[in-house]
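Starting from the two chains in their separate frames, assemble the complex, guided by the hints.
Chain order of the listed sequences is D and P. Note that our numbering numbers the first sequence so that position 250 is 250, with each residue one more than the last. In our numbering, each residue's number is its place in the second sequence (first place is 1) plus 1000.
Quick caveat, the hints were computed from the structure, so don't treat them as lab data. Fair warning: there could be bad hints in the mix.
Unchecked claim - Below, computed lysine-lysine pairings styled on DSSO-like, alpha-carbon distance capped at 30 Å: (1) P/K1230 - P/K1249; (2) P/K1230 - P/K1059; (3) P/K1230 - D/K141; (4) P/K1249 - P/K1303; (5) D/K135 - P/K1230; (6) P/K1303 - P/K1028.
Unchecked claim - Covered stretches of chain P, going by a simulated chain D footprint (3 or more residues, C-beta under 8 Å): (7) 1118-1132; (8) 1226-1236; (9) 1280-1289.
Virtual Cβ for every residue (Gly too), placed ideally from N, Cα, C.
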Amino acid sequence: MTRMAFLTTVAALALATPALAVEKSEVLNTYVTIAQAKYQDSLITAQRLQTAVNALLDAPSAENLTAARAAWLEARVPYQQTEVYRFGNAVVDDWEGKVNAWPLDEGLIDYVDASYGGASDENEFAVLNVVASPKFTLSGKEIDATAITPELLSETLHEADGIESNVATGYHAIEFMLWGQDLNGNDHGAGDRPWTDYATGDDCTNGNCDRRGEYLKAATDLLVSDLEWMVAQWADGGAARTGVLDDENAGLAAILTGMGSLSYGEQAGERMRLGLMLNDPEEEHDCFSDNTHNSHYYDGLGVQNVYLGEYVRVDGTLVSGPSLSDMVAEADANLDAEMQGKLSTTMMALGRIKTAAEAGFSYDQMLERGNEAGEALVMGGVNGLIDQTRSIERVVKALGLDQIAFEGSDSLDDPNAVFQ
Amino acid sequence: MRRILLIAFAVAAPCITAAQAADPVVAKIIDTHILPRFETLAQSSGQLADAAATDCTPKSETLRAAYGRAFDAWVAVSHLRFGPTETNDRAFALAFWPDSRGVTPRTLASLITDQDPVIATPQEFSQVSIAGRGFYAMEFLLYDDTISTAGDAAYHCALVQAVATDIAATSAEILADWQGDYAARLLNPSPNGTYRSQEETVQELFKALTTGLEFTSDTRLGRPLGSFDKPRPTRAEVWRSGRSVRHVKISLESLENLMLLLVGDNADLAARSKHAFETTLSKLGILNDPVFAGVTDPQTRLKIEVVQQSVDAIRDIARQELGPELGVAAGFNALDGD
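If we strip away everything but chain P, and leave its shape as in the complex, we get (with noise of 0.2 Å):
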C-alpha cells in the first residue's frame, strides 16, 4: 500500500475559466447530488435512532432494516470528504473502517465489561473512541456472534441506542452545516474564503470523485482481495451484515451521478463514462457473492478482479480525461499514507 503519486494531472487548457457568476455545474452537484444525499442520511439515521429506542434487541428486523437504510446513505455520501464531514471528526465518528488492528471489537468488549457510564449522555458517549460509534461498530452490536449477545442485556440495549443516537446527532450536525453557510461558501469562491477560486471549489469535487473511487477499488475491493497466495475474506467491509457487495454498488452509483454532473454536457465523455459505470455495475451484479468469500476461490476471484480493473479503468477515464476537461488536478487526499 505505499503508494508513489499522489498528484494526477490535467494535461489540455480548462475548459473551465473563472467566471463571475456562480458555476452552473457546482451549483447542480449542491443541488442534486450533496445535499438531497445528506438529508436523507440525516432523515434515515434519525429513523435509526427512533427504531433503537423502540426495540434494542439486535435480532429485532424493525431495527436491522433502519440501519441498512441509514448505512446505505451513508455508503452514498462516504466520498464527500471535505468540509461539514471533516469538522470535528463527523465522518470518522460515523464511519471509522478500515480497521485493521481489530479496535473496534476491542473497544466495544471493554465498554460492555466495564458497564463504562459514558454512554449515559449523548454529550459524554461523543467522547467515546470512533472505534466503538458510528455504524461499523453497530454493525458488530447488531450482528457480530460474540459482541451482539456480550454482557448484561440492559447495558448492551443501552449501547445499542447510545450509538444510534450519536449517529443521528452527528449526521444532523453535517446536514446542517451544509444547509448553513457550506454550500454558500463551494458557491461562492473569495480571496480570502475556504475556496479561492472556481478552479479550487471544481478541483474539491473532482477530488470526492477521485478519492472515492479509489477508496472502493484499494479498500472495498482490494482488501478482501489480498493477494492471490494469501486471499483475506474476513477483511470485506462489513461481511457479518451481508453487506459487502452492496456497498460497492451503492458508491459507485452514487460516484457515477456525481461524475456525469462534472462532465458536464461533453457528450462523447458522457457517454464513455456512463458505458464504463454500467459495465461494472453488471459485473458486479453477476457476482452472486455477497461478502466477496469467493475471494478464495480462483474462478470467482478471477470475476472480483475484474470488477476492481474494471472500477481502475473509470478511474483512468477520470484522471486522464475529465481532470483534463475540467482543468484541475487530482491534488492530495487523506489516503495518501502508506
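With the rest of the complex left out, here is chain D (with noise of 0.2 Å):
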C-alpha cells in the first residue's frame, strides 16, 4: 500500500511539473566532470610512464623495459576510456592526432624487418628511419636531426609530407619503441624488442642506441605535455569545458555525436571489422604491444559510462552524477532500458574478446583467414556496436536534439565565436 501510494505521488508530481527533474545543466556538468577525471588520469599514467622510460635510459635492464611496458599498459586504461570525447569536441578532434594516430608506418621511426617492404606509392617516407639518420630531405627540405627533440618529432616529422601515416608521435610511436615490430604474423605472441636496443656500449644492439633512447624520450615527454595541455581545456574556464557548457543543446548532442561515431564508423568499422574482413595483424590497434582487446574494451567503456555518467578513476573512486541516462529514462524509459542494455550487451561482447585474448587467444589469431572462432568474438563486437548506434540514433530523436543544426555551425567550429 505505501508502494502504491508513493508512486501515486510521483506520478501527480510529474503531470504537476512538466520540467524534467534532471537539469540539462546538471548532465552536461557530470560529462566534463568525468572528461577532466578521464584526462586527469591518462596523465598521472602517463607521468609514471615517464618515469619508467627514464629509469630505462639511466639504467638499460630487461626489467626496466619490462616497467616501462608495464606502465604504458597502464596508461592506455584511462586514455581510451577519454575516446568517446572525440568526434563530438572540436577541442578533442583537432589534438587527438598527436597522441593517437594509427596506423603508423613505423620505418618512419627506426628499424624494419626486411619483410616490411620499402617506400610505397602512398608514402616515401616509409623507411625513413629517424633513429639511424642525423640528416635527411624531406620534401625538398634538409633537415638536421642530430638532437631529437620533441619539437622535431612534433614540428617536422609527425604527418610528414602530409602523410596521416608518418606517425612519429603519441602512444603508439611510443608503443613501437617499447615492442618493436610484431612479426609473429597471425600467430601468438607480441613485439619482442631487446632491452638491448638501448643499451650503452659494446652491448648496444640494432645501432644508435642512444638516439633510439632520445626518440623514446622525446615521443614520451611530449604525450605528457599533449595530456597537460588537454586536461587544462577541461578545467574552469578551459575552452572544452565552456564549449559543452555554453550552449545546452549543443553540448547534449556533442555527447551523443561522440558515442555514436566512436561506436559505429571508427570503433565498429574502422578497428575491428575492417582488419577481421582483411585477416590483417597490422590492422590490430595496438599492433606492437598486442594490447588490441584491452583497446576496444575500455573504447566501448567510456561509451557505457558516459552514458551512465559514472567513471572509476584509476585510484578507485567513482566520480558521477546526474546523467544522460536518467534525463532519457524520463523522456522515454523503455528507450532508456533499450539503451542500457544494448550497452551492456557490447561491454559482455567486447569482455568475450579480452577474456579470450588474456587467456591466450591473442586478437591476432583471432583475425586470422578461416578463424571461426575468432571472427565470431569479433563480430560479436562489431554487431553491439552498430546495434547501440540505432539506439543512439532514438535517443537523440527523443532528446529533440535532431532539431538543432550545428554542423559547420559558429559554436562548434570556434567555441569563442558565440562571444563574438
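Below you can see the structure in the form of C-alpha cells.
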C-alpha cells in the first residue's frame, strides 16, 4: 500500500511539473567532470610511464624495459576511455592526432624487418628511419636531426609530407619504441624488442641506441605535455569545458555525437571489422604490444560510462552525477532500458574478446583467415556497437536534438565565436 | 579527415507522419530504385563470371567489357549500404576501396606467389581477405602492369575466375535477401522490426543519399585532389582501368534518381535538385580527364575542385532542405571514423 501511494505521488508530481527533474546543465556538468577526471588519469599514468622510461634510459635492463611496458599498458586504460570525447568536441578532435594517431608506418622511426618492404606509392618516407639518420631530406628540405627533440617529432616528422601514416608521436609511436615490430603474423606473440636496443657501448643492438633512447624520451615527454594541455582544456574556463556548457542542446548533441561516431564508424568499422575482413594483424589497434583487446574494451567502456554518468578513476574513486541515462529515462523509460541493455550487450561481447585474449588466444589470431571462433568473437563486438548506434540515434530523436542544426555552425567550429 | 559532426539536423516540422498504410514514397523507391539496380548487379555479375569462365586472359575484350558492366552496376548501388549489403560483409567483399595501405596488390601478390590453393572452391575463397576479392582486386588482376602478368598463367587464370565467381555469388545473395524479406521489412516498419516507424525507414533512405554524396565528394573526388601542394593522382579510384570519372558520373546519376524520389511532389525542391545535379554532371562532362590526372595542373585542378564544390552544393540541399522536408536527420554513418 505504501509503495502504491508513493507511485501515485510521483505520478501526480510528474503531471504537475512537466519540466524534467534532471536538468540539462547537471547532465553536462557530469559529462565535463568525467572528462576532466579521465584526462587527469591519462596524465597521471603518462607521468608514471615517463618515470619508467627515464629509469630505462638511465639504467637499461630487461627489468626496466618490462616496467616501462607495464606502465604503457596502464596508461592506455584511462586514455581509451576518453575516446568517446572525440567527434563531438572540436578541441579534442583537433588535438587527438598528436597522441593516438594510428596506423603508422613505423619504418619512419626506426629499423624494421625486411618483410616490411620499402617506400610505397602512398608514402615515400615509410622507411626513413630517423633513429639511424641524423640528416635527411624531407619534401625537398634538408633536415638536421642530430638532436632528437620533442619539437623535431611534433613539428617536422609527425604527418611528414602530409601523410597520415607518418606517425611520429603519441601512444603508438612509444608503443613501437618499447615493443618493436610484431613479426609473428597471425600467430600468438607481440613485438619483442630486446632491452639491448637501449644499451650503452658494445652491448647496444641494432645500432644508434643513444638516438633511439632520445627518441623514446622525446616522444614520452611530448605525450605528457600534450596531456597536460588537454587537462587544462577541461578545467574551469577551459575551451573544451565551456564549449560543452555554453549551449546546452549543442552540448548534449556533442555527447551523443561522440558516442555514436566512436561506436559505429570508428570502432566497429575502422578498427574492428576492417581488420577482420582483411585478416591483417597490422590492422590491430595496438599491434606492437598485442593490447588491442584492451583498447577495444576500454573504448566501449568509455561510451557506456559517459551514458551512465559514472567513471571509476585509476585510484579507485567513483566520479558520478546526473546522467544522460537519467534524462532519457524521464523522456522515455523504455528507450533508456533499451540503450542500457545494448551498451551492456556490447560490453559483454568486448569482454569476451578480452578474456579470450588474456587466456592466450590473442587478437591477431582472431583475425586469421578461416578462424571462425575469432571471427565470431570480433563480430560479436562489431554487431553490438552497430546495434547500439541505432539506439543512440533514437535517443537523439527522443531528446529533440535532431532539430539543432550545428554542422558547420560557429559554436562548434570555433568555441569562441559565440562570444563575438 | 577528422570529422566533427555527424548528425545533420532537421529544422522544420516533419511532413511525413506515421501513416498506417505503406509509405508510397518508400514503396516507389524500392520498386524503381533499389530492386532494379540490384537485379542489374546480380545479372551482370553472373555474366562476368561466365565471361571469365570462357576467357580469363586479362586483355580479353569480352572479359573486360563484362567486368566494366558489372562494376557500373555496383557503382550504381554503392550508396545503398544497409541491410543485405552489410550482411556477412558482402559490400566490403565486393568493393574494398580506398586502400590506403596498398593491401590489395600485396594480398594478390601473395596469393599468386604462394599459388594458394584457397581459390579451389568458392566456399574456401569466401574466407580470403576482402583485399583479394571483389571489383577492385579484379582491376589489379586485369589492368595492373605487374599483377596482371604475375606468376603462373594457369593460377592467374583460376584466380580471375575465382574472383569473378565470388562477385557473382555475393551479388546474387544480396538480391536474394532484398527479394526475400528485406524489401518487406523496409516497407512495413513494426515496433519489434528492424525499422520501428516510417520515420526510421525514410531516415535509412535519406542516409543512403547523404552518405553516397559524402563518399563521392570526399573520397572519389577528394582523394585524388589531395591538397594544392600535394595532389595525389594515384589515389584516384580505379585509375588503372581509366574509370575514375565514370564512377563519379554513375554514382551521381543514381543518387539523383534517389533524391528526386525522396523529394516526391515538392515541385520547387525537385526542380532545384535536378538543376544542381545537371550542373554538376555537365561540369564533370567537360573535364575530358577520365582519371583526374589533371589534379596536378593548376588549371584543370580548379575545374575538378569546382565539380567537388558542386557535389557539396547538392549535399547542402539534401541536408538543409530535403532533411527538414522529410522530418529526418542524417544520423550516423560508416564514414564517421577518422
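These are the hints, each one checked on the structure:
A C-alpha spacing of about 25 Å is found between P/K1230 and P/K1249, which places the hinted pair at or below 30 Å, so the restraint holds. Only pairs whose Cα atoms come within 30 Å are accepted, and P/K1230 paired with P/K1059 is rejected, the gap being roughly 33 Å. At roughly 15 Å between alpha-carbon atoms, P/K1230 and D/K141 fall within 30 Å of each other, so this suggested pair holds. A C-alpha spacing of about 15 Å is found between P/K1249 and P/K1303, which places the hinted pair at or below 30 Å, so the restraint holds.
For the given pair, D/K135 sits about 23 Å from P/K1230 by alpha-carbon distance, which is consistent with the 30 Å threshold. A C-alpha spacing of about 36 Å is found between P/K1303 and P/K1028, which places the hinted pair above 30 Å, so the restraint is violated. Closer than 8 Å: that is the beta-carbon criterion, and the stretch 1118-1132 of chain P has 6 residues meeting it against chain D, so the requirement of 3 holds. With 6 residues having a beta carbon nearer than 8 Å to a beta carbon of chain D, the stretch 1226-1236 of chain P meets the requirement of three or more and the stated coverage holds.
With a threshold of 8 Å between beta carbons, the proposed coverage of the stretch 1280-1289 of chain P by chain D is violated, since 0 of its residues qualify and at least three are required.
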